[in-house]
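Line order of the protein sequences matches chains A and B. Under this note's numbering, the final residue of the first sequence carries the number 116; numbering is consecutive throughout. Under this note's numbering, the final residue of the second sequence carries the number 111; numbering is consecutive throughout.
It should be emphasised that the hints constitute simulated quantities derived from the structure, not laboratory data. Hints may be right or wrong, so weigh each one.
[Said to hold, decoys possible] Chain A is nowhere near these chain B residues, computed Cβ spacing over 12 angstroms in every case:
| id | residue |
| --- | --- |
| 1 | Y22 |
| 2 | R60 |
| 3 | K70 |
| 4 | T79 |
| 5 | Q80 |
| 6 | D83 |
[Claimed, not checked] Below, computed lysine-lysine pairings styled on DSS-like, alpha-carbon distance capped at 25 angstroms:
| id | chain 1 | residue 1 | chain 2 | residue 2 |
| --- | --- | --- | --- | --- |
| 7 | B | K70 | B | K56 |
| 8 | B | K70 | A | K9 |
| 9 | B | K59 | B | K36 |
| 10 | A | K57 | B | K70 |
Bear in mind that the values here come from a model prediction, so they are computed numbers and not experimental data. No residue lacks a Cβ here, since even glycine has one placed at the ideal position from N, Cα and C.
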Amino acid sequence: DSGVTQTPKHLITATGQRVTLRCSPRSGDLSVYWYQQSLDQGLQFLIQYYNGEERAKGNILERFSAQQFPDLHSELNLSSLELGDSALYFCASSPSGTIVGGNTIYFGEGSWLTVV
Amino acid sequence: GQQVMQIPQYQHVQEGEDFTTYCNSSTTLSNIQWYKQRPGGHPVFLIQLVKSGEVKKQKRLTFQFGEAKKNSSLHITATQTTDVGTYFCAGPGAAGNKLTFGGGTRVLVKP
Numbered sequence: 001d002s003g004v005t006q007t008p009k010h011l012i013t014a015t016g017q018r019v020t021l022r023c024s025p026r027s028g029d030l031s032v033y034w035y036q037q038s039l040d041q042g043l044q045f046l047i048q049y050y051n052g053e054e055r056a057k058g059n060i061l062e063r064f065s066a067q068q069f070p071d072l073h074s075e076l077n078l079s080s081l082e083l084g085d086s087a088l089y090f091c092a093s094s095p096s097g098t099i100v101g102g103n104t105i106y107f108g109e110g111s112w113l114t115v116v
Numbered sequence: 001g002q003q004v005m006q007i008p009q010y011q012h013v014q015e016g017e018d019f020t021t022y023c024n025s026s027t028t029l030s031n032i033q034w035y036k037q038r039p040g041g042h043p044v045f046l047i048q049l050v051k052s053g054e055v056k057k058q059k060r061l062t063f064q065f066g067e068a069k070k071n072s073s074l075h076i077t078a079t080q081t082t083d084v085g086t087y088f089c090a091g092p093g094a095a096g097n098k099l100t101f102g103g104g105t106r107v108l109v110k111p
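One chain only, chain A, in its complex shape:
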């Protein structure tokens, strides 16, 4: 158990709908990262938040948005869903805003999203 909690674990929704994925980081971690993993694919970086502020952005679609709240939990909002958005969405956390000097990131178990 990494200490990173993601909900829901599984979600099935229809095209055009909107969903929210939730992530609670490890206790004491200030950074939250979101990654997308399509079937048998690598991990695509979406976005990073540090202590409530956006720190880095990857190839995140305009239909997707995220935020980190004062209690440090984060939500990833996916709207106007398409079939191609079906994937495993991982949240990860780390103590600081950088991944150097021995720091690493810890992944949650992921949220499986299926768009039908």
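Place chain B on chain A using the hints.
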């Protein structure tokens, strides 16, 4: 932008044999990290290498960071069925924030 590539994409190994997977970055890295994702699981941190030419061992796994800090390798000896999974390398961005992952090497072990 930064790109991290891994080869091979798939590795079929006979149980007991050795194999190596390779990782290359388009940019010089401050560190390289390796993760393992078991089938149906989430990526789990294995190790971080920081110094040029650094070599670290974890039991049957040997990790190496290239002299130019742009490439890395993972060598597994005497492969076991417990080694099944996808091995990812990853490097931080220039600002040290986001972690860019390679495409992974999916390891399948034949008993």
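Status of the hints after comparison with the structure:
Every Cβ of chain A is farther than 12 angstroms from the Cβ of B:Y22; the closest lies at roughly 15 angstroms, confirming the non-interface assignment. No Cβ of chain A approaches the Cβ of B:R60 within 12 angstroms, the least distance being about 21 angstroms, so the stated non-interface status holds. No Cβ of chain A comes within 12 angstroms of the Cβ of B:K70; the nearest lies about 16 angstroms off, and the non-interface call holds. Against chain A, the non-interface label of B:T79 holds: every CB pair exceeds 12 angstroms, the least being about 21 angstroms.
Under the 12 angstroms C-beta cut-off, the non-interface status given to B:Q80 relative to chain A holds; the minimum distance is some 23 angstroms. Non-interface status of B:D83 relative to chain A is upheld: no Cβ of that chain comes within 12 angstroms, the nearest being about 18 angstroms off. Note on B:K70 and B:K56: the hinted pairing holds, with a Cα-Cα distance of about 17 angstroms set against a maximum of 25 angstroms. In summary, the hint linking B:K70 to A:K9 is not supported, as the alpha carbons are separated by about 36 angstroms, beyond the 25 angstroms threshold.
Distance check on the hinted pair: B:K59 and B:K36 sit about 15 angstroms apart at the alpha-carbon level, within 25 angstroms; holds. Distance check on the hinted pair: A:K57 and B:K70 sit about 23 angstroms apart at the alpha-carbon level, within 25 angstroms; holds.
Checked against the numbered hints given earlier, the structure breaks only hint 8 and satisfies all the rest.
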